[in-house]
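Each chain, letter by letter, is given below.
Number of protein chains: 2
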Amino acid sequence: MAVTLQLIPRAEFDRARNDLALIADMCRANALVAVKRAGSGHLGSSFSALDIVVHLLWRELNVAQLGWEHSDRDVFFSSKGHDVPGLYAALHGLGVISAERLLRLRRLGGLDGHPDVGVPGIEANSGSLGMGLSKGRGMAWAKRFLGRSGRVVVMTGDGELQEGQNWEAFAAAAHQGVGNLWAIVDRNELQSDRPTEEILALGDLESKLRSFGWHVVTCDGHDHDALALAFGDLRAAPQETPKALIANTIKGRGVSFMEHPVALRDGGGTYRWHAGAPDDEHFERAHAELLARIRESLPDLQLESARALEGAAGEPESGIGVRRVTDEYVAAAYGDALRQLVDERPELVVLDADLASDCRIRTIELEQPSRFVEVGIAEQDMVSMAAGLARQGLLPVVNSFASFLASRANEQIYNQASEGTKVVYALHYAGLIPAGPGKSHQSLRDISLLAAVPNVTIAQPANSAETHALLRWAVEDAAGDVALRLAIGPSPRRIDLIGEVVPGRGTVLREGSDAVVFAYGPVLLHEALSAAELLGTLAQVVNMPWLNRVDASWLAEAVEPFDEIFVLEDHAPVGGLGDSLRRSLAGRALTVLGVEGWPACGTPAEALRFHGLDGASLADRIALALGARTGL
Amino acid sequence: MAVTLQLIPRAEFDRARNDLALIADMCRANALVAVKRAGSGHLGSSFSALDIVVHLLWRELNVAQLGWEHSDRDVFFSSKGHDVPGLYAALHGLGVISAERLLRLRRLGGLDGHPDVGVPGIEANSGSLGMGLSKGRGMAWAKRFLGRSGRVVVMTGDGELQEGQNWEAFAAAAHQGVGNLWAIVDRNELQSDRPTEEILALGDLESKLRSFGWHVVTCDGHDHDALALAFGDLRAAPQETPKALIANTIKGRGVSFMEHPVALRDGGGTYRWHAGAPDDEHFERAHAELLARIRESLPDLQLESARALEGAAGEPESGIGVRRVTDEYVAAAYGDALRQLVDERPELVVLDADLASDCRIRTIELEQPSRFVEVGIAEQDMVSMAAGLARQGLLPVVNSFASFLASRANEQIYNQASEGTKVVYALHYAGLIPAGPGKSHQSLRDISLLAAVPNVTIAQPANSAETHALLRWAVEDAAGDVALRLAIGPSPRRIDLIGEVVPGRGTVLREGSDAVVFAYGPVLLHEALSAAELLGTLAQVVNMPWLNRVDASWLAEAVEPFDEIFVLEDHAPVGGLGDSLRRSLAGRALTVLGVEGWPACGTPAEALRFHGLDGASLADRIALALGARTGL
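Protein sequence lines correspond, in order, to chains P and L.
Following the working numbering, the numbering of the first sequence begins with 1 at its first residue and continues without gaps.
Following the working numbering, the numbering of the second sequence begins with 1 at its first residue and continues without gaps.
Check before you lean on any hint, since a few could be wrong.
[As the list claims (entries may be wrong)] SDA-like mimics (lysine to any residue), calculated; alpha carbons at most 20 Å apart, straight line:
(1) L/Lys422 - L/Thr326
(2) P/Lys422 - P/Glu511
(3) L/Lys422 - P/Lys422
(4) L/Lys422 - P/Arg472
(5) P/Lys422 - P/Glu476
(6) P/Lys422 - P/Leu534
(7) P/Lys422 - L/Pro503
(8) L/Lys422 - P/Ala479
(9) L/Lys422 - L/Arg345
(10) L/Lys422 - L/Ala479
(11) L/Lys422 - L/Asn455
(12) P/Lys422 - L/Glu69
(13) L/Lys422 - L/Pro503
(14) P/Lys422 - P/Pro454
(15) P/Lys422 - P/Arg472
(16) P/Lys422 - L/Val262
(17) L/Lys422 - L/Arg371
(18) P/Lys422 - L/Ser71
(19) L/Lys422 - L/Glu347
(20) L/Lys422 - P/Trp598
(21) P/Lys422 - L/Trp598
(22) L/Lys422 - L/Ala478
(23) L/Lys422 - P/Glu476
(24) P/Lys422 - L/Ala478
(25) L/Lys422 - P/Gly118
[What the hints assert, rightly or not] Distance windows between CB atoms, simulated:
(26) P/Arg59 - L/Pro369: 32 to 40 Å
(27) P/Ser553 - L/Gly627: 22 to 30 Å
(28) L/Gly499 - P/Glu511: 49 to 57 Å
(29) P/Pro238 - L/Glu500: 23 to 31 Å
(30) L/Leu146 - P/Glu198: 19 to 27 Å
(31) L/Gly499 - P/Gly597: 25 to 33 Å
(32) L/Arg265 - P/Gly232: 19 to 27 Å
(33) P/Ser553 - L/Gly536: 33 to 41 Å
Hint data in this document are derived by calculation from the structure and do not stem from the laboratory.
For glycine and all other residues, C-beta sits at the position ideal for the given N, C-alpha and C.
Generate the whole structure from the sequences, applying the supplied hints.
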């Protein structure tokens, strides 16, 4: 990294105690450094939320005084979760999180990319949107039941309110009279990359919340006097009425070129600072701007070097992101292939739930807007809408992250499939990698979630060519639903594949003598091949893209010459390819090497090693098994 | 059946063409007969909806004229789905469904207990609540896209609006300007057994819908003049605005003792006519009352005997419901055990999503109201609320049907588990039986949906004693989440179990020589034992209540003496006990006999036979496998 990373030390926050706007800027500066250090993270909504977070933790709530273990403490958490770098920076400013740990954002044993209660000061796991108000209501109900004092304050995004669960929670909180629940809507007007009013307008939010029985106030979420007044209003509101603050904020607040609406204009209608770390130049500009403003109040501001802190943490800076990768993205191949199919097939319609850029379907949205449906952050609605489209004879291609689509819309997928129509589900960001976002985003259960739905075929391509072929097969040939798992990151190597797509059959990528290793997707096929290379000629590697369909005679031949059979799962060891192959492999033992337990958060290398799924670990595990069999 | 069942023939409907209230009553009479014949079904909301359904199909919509295949037809379906007996009766009145088929409600090859597009006139699969508006919007969007005319009219319940997906759909319809979508809320003020205002108040529904951007009118849903005016108003509303009619109706309308609020008062605060067939006496009173009113308009009303029609259908009336059962319900044992634990453990809190009677927790609600949380029909909200309760140190026991809880709230369960807290999930109505409600309700994927969540143990008890023991183990001993699968119907036999609950280990119920058969739950254990009895001494039967936890050494011993291993699944063959045992049984073949494909709708005997899972079929399948092995 060419830039020098410097944190504002904890002690400096004491010197700024009473200036909340200053403290918020100090947190912004440190969150920026942490995200730059991590190589990813969400700055836009960290920055929009930070005045509120600081106002709550430094002034309004009792938790910093009582500590995070006290049963009467006020509980605060953010339902949107991806704004956690800002919260981490605030917790560092309060002395709850060390500087060393702040610099280990998205690293193994550091700070999860989305909130996890294993981290001090984190009150709830979030990251998948829309669950926070329900959970907060549970906490608030429990406080009342247990005679504990303290409020429960849940921050939500504005785009997040598109998730229906919020409206279940709004209704229930009013009905149950849970007046110690506060909702704060960080109304920054942008969702992942476009304005909320474009994606799915919220309309008159005050009126909606009032019609759901809440006491509502609105204020400028960056004006601490206004925030103080608004919180005072909420405190004075009727005891049994749940309370909401709509805080009008600016996404990217604090760094001029990240602020809405300038940033949206600069991005040609797309907001660039929702996720991801800025490049060196933008980082330095942003950091300088923040420091300059902080120094207006604290001219003698001290900084500490990240490098020095890393030395203490025993972690070389070069360890991050150093991983040999190609410029191939199967996700990009999917986007290209889909665009082609949209041109060819007039019945094809593409659906999105506010992840168009990540799902590589932005081009279709721009070039073929009549064939593109944006439903907002509402996976259940998206799937059932697709079911309706399919009942009218269209072929919907439904896009979201695998972790959200396969689980949150699971019953809707089952319902759609039961109508005998066909929908293609694109399960983006399937598998362990990238491991930085953490367990809310890593999808290691999606095969298990769909495999028992009759008529759903689940497949994952290994490279761009196979992505084109499988998507075309899904659209043109498949009789029922197809769920296409897609890696979101770059392929660690380019995999050569020979042959056609034949349902239920895989392809040998490398020949070997003693063990056969089945794997799928670019990430674990790379590790399988790396392991096989370390093992000389011992291991044969087979790409098996069909995760719940097996041609039994092909499989019998494929395993026949080998003493040992391994299946690498970019999935939990339960419910994946291994279970599928076992169903066809009567009487042959098979060893599944998958992601056991909760997926690790960290760099790709850290996460793969943690789970014993990197090439070197796999080579050891395979050699051990072969050794045990041969008595070596 | 002691009563005589008589249908109003199709031809009689022609004589009543212009009197919609009369036609609605004729449909009520026939729906009543169909439900009585089936032994179950939902009369209360069929009756509240029928004036609207008849008004739509006979007057407002074009579908009866154009037919159900025409691409320009108006599409009508009910999202709540359980009101389908009324719709079936209307479709019979229009000549779309034959009298013979109407009498085969909830029978194999007849009419599904919840809507299925395989039945003529049915436009969408529903039954699990809250999906209809999204699906209808998809159809309406597609009509616009394809240049097809016709509206899409979706009926919803009022209680159903507690599902958050509706609010996703309301927002999206307004945003997308899908003005050819109509919603009709059957505002009958009662949900499964109590008033909506008690369960989870809807508040000012008009104002809510308006704040979501809809054009709304309200009228008396039994007054055909008022309905005509209201539909006229909707037709005249702005083209791009989605339209809603709030139809104030009376649950049980048309039969005095089934009508709200009389019926609620008679039931001591519980509405008795939501689900289930009336007994003979109530059937005869209801039928007589309806016929008397119909005869005021059609004094020479003709009737045809159900028996004659059955003769034509070649099906003996005695075939229904004739199944040897005991008076044991594991669900009742669960309710008793839970009540005991509520008394013993002050941290235990019971949650319900409007199925308190079915889940046998009504007693707790009445006796320990402070320990009982009703969230309405909102499974996601329920689970995340439970997560919040658990974070405050309480032990939530969450109740719903397995098909809804394990799928719709799947991501919320994963999120809760990831916080390391403990929640007990009671998955009621797990498995194939009863098969009358159909595939929206039969739960054959729930094991697969939860098995890959780290720290969730899934178990299903075989009898009352094991239910007590497993629930106590879940509450007192389990380290993480426990999902308890529970049969909802009567146990087909009383199963004797010896020994204690030992995680991962099963119990031999009957000894045998050649094959070992693993099964779980009262339904398939009965069939396993029946098969074993037919096979003499060939088959050993093992109760294995642990569906994703196996004590490998116990299992190795349990299978060692046997040539063949069978696993009976009250579940899909994918993702259930069979897959779990295979993971521990390296190198042994194992045959899974489970529910393949979509679960059959019918009587228990029909459904079990259809899937080859009744004792006689199982005996044949096991004998065949043994014969093949021994060369017999």
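Structure-based check of all given hints:
Of the pairs offered as hints, the one joining L/Lys422 and L/Thr326 is violated, with about 34 Å between alpha carbons and a cut-off of 20 Å exceeded. For the hint pairing P/Lys422 with P/Glu511, the CA-to-CA distance comes to about 37 Å; that exceeds 20 Å, so the pair is violated. Restraint check for L/Lys422 and P/Lys422: the C-alpha separation of about 38 Å exceeds 20 Å, so the hint is violated. For the hint linking L/Lys422 to P/Arg472, the alpha-carbon distance of about 44 Å lies beyond 20 Å, and the restraint is violated.
Between P/Lys422 and P/Glu476, the direct Cα distance comes to roughly 11 Å. Compliance with the 20 Å bound is thereby established for this hinted pair. Between P/Lys422 and P/Leu534 the alpha-carbon distance is near 43 Å, which puts this suggested pair outside the 20 Å criterion. Between P/Lys422 and L/Pro503, the direct Cα distance comes to roughly 41 Å. Violation of the 20 Å bound is thereby established for this hinted pair. Only pairs whose Cα atoms come within 20 Å are accepted, and L/Lys422 paired with P/Ala479 is rejected, the gap being roughly 41 Å.
For a cut-off of 20 Å, the pair hint linking L/Lys422 to L/Arg345 stands: about 15 Å separates their Cα positions. Taken as a hint, the L/Lys422 and L/Ala479 pair is honoured in the structure, with Cα atoms around 7 Å apart against an allowance of 20 Å. Restraint check for L/Lys422 and L/Asn455: the C-alpha separation of about 9 Å stays at or below 20 Å, so the hint holds. For the suggested pair P/Lys422 and L/Glu69, the alpha carbons sit about 19 Å apart, so the restraint of at most 20 Å is met.
Under the criterion of a C-alpha separation no larger than 20 Å, the hint pairing L/Lys422 with L/Pro503 is consistent with the structure, at around 17 Å. Taking the CA atoms of P/Lys422 and P/Pro454, the gap is about 12 Å. The hint holds against a cut of 20 Å. In summary, the hint linking P/Lys422 to P/Arg472 is supported, as the alpha carbons are separated by about 14 Å, within the 20 Å threshold. Proposed proximity of P/Lys422 and L/Val262 is contradicted: the alpha carbons are some 46 Å apart, above 20 Å.
At most 20 Å may separate the alpha-carbon atoms for a hinted pair to count; L/Lys422 and L/Arg371 meet this at roughly 17 Å. A hinted pair counts as satisfied when its Cα atoms are at most 20 Å apart, and P/Lys422 with L/Ser71 qualifies at roughly 18 Å. Using a Cα cut-off of 20 Å, the hinted pair L/Lys422 and L/Glu347 holds, with the two alpha carbons roughly 12 Å apart. Among the hinted pairs, L/Lys422 with P/Trp598 is consistent with the structure: their alpha-carbon atoms are about 16 Å apart, no more than 20 Å.
At roughly 16 Å between alpha-carbon atoms, P/Lys422 and L/Trp598 fall within 20 Å of each other, so this suggested pair holds. Pair hint L/Lys422 plus L/Ala478 holds up; C-alpha atoms about 9 Å apart against a cutoff of 20 Å. Annotation: proposed proximity of L/Lys422 to P/Glu476 is violated, straight-line Cα distance about 46 Å (limit 20 Å). Taking the CA atoms of P/Lys422 and L/Ala478, the gap is near 42 Å; set against the 20 Å cutoff, the hint is violated.
Among the hinted pairs, L/Lys422 with P/Gly118 is consistent with the structure: their alpha-carbon atoms are about 15 Å apart, no more than 20 Å. Separated by about 38 Å at the C-beta atoms, P/Arg59 and L/Pro369 satisfy the suggested range of 32 to 40 Å. As the Cβ distance of P/Ser553 to L/Gly627 is approximately 24 Å, the hint placing it in 22 to 30 Å holds. Distance hint check for L/Gly499 and P/Glu511: the Cβ-Cβ separation is about 52 Å, which falls inside the suggested range of 49 to 57 Å.
For the pair P/Pro238 and L/Glu500, the beta carbons lie near 53 Å from each other, so the given range of 23 to 31 Å is not met. With their beta carbons about 25 Å apart, L/Leu146 and P/Glu198 fall inside the hinted range of 19 to 27 Å. A hinted range of 25 to 33 Å holds for the C-beta pair L/Gly499 and P/Gly597, which are about 31 Å apart. Checked against the given bound of 19 to 27 Å, the beta carbons of L/Arg265 and P/Gly232, roughly 47 Å apart, lie outside it.
Checking the proposed 33 to 41 Å range against P/Ser553 and L/Gly536 shows it holds: the Cβ atoms sit about 36 Å from each other.
The structure fails to meet hints 1, 2, 3, 4, 6, 7, 8, 16, 23, 24, 29, 32 from the earlier list, while all remaining hints are met.
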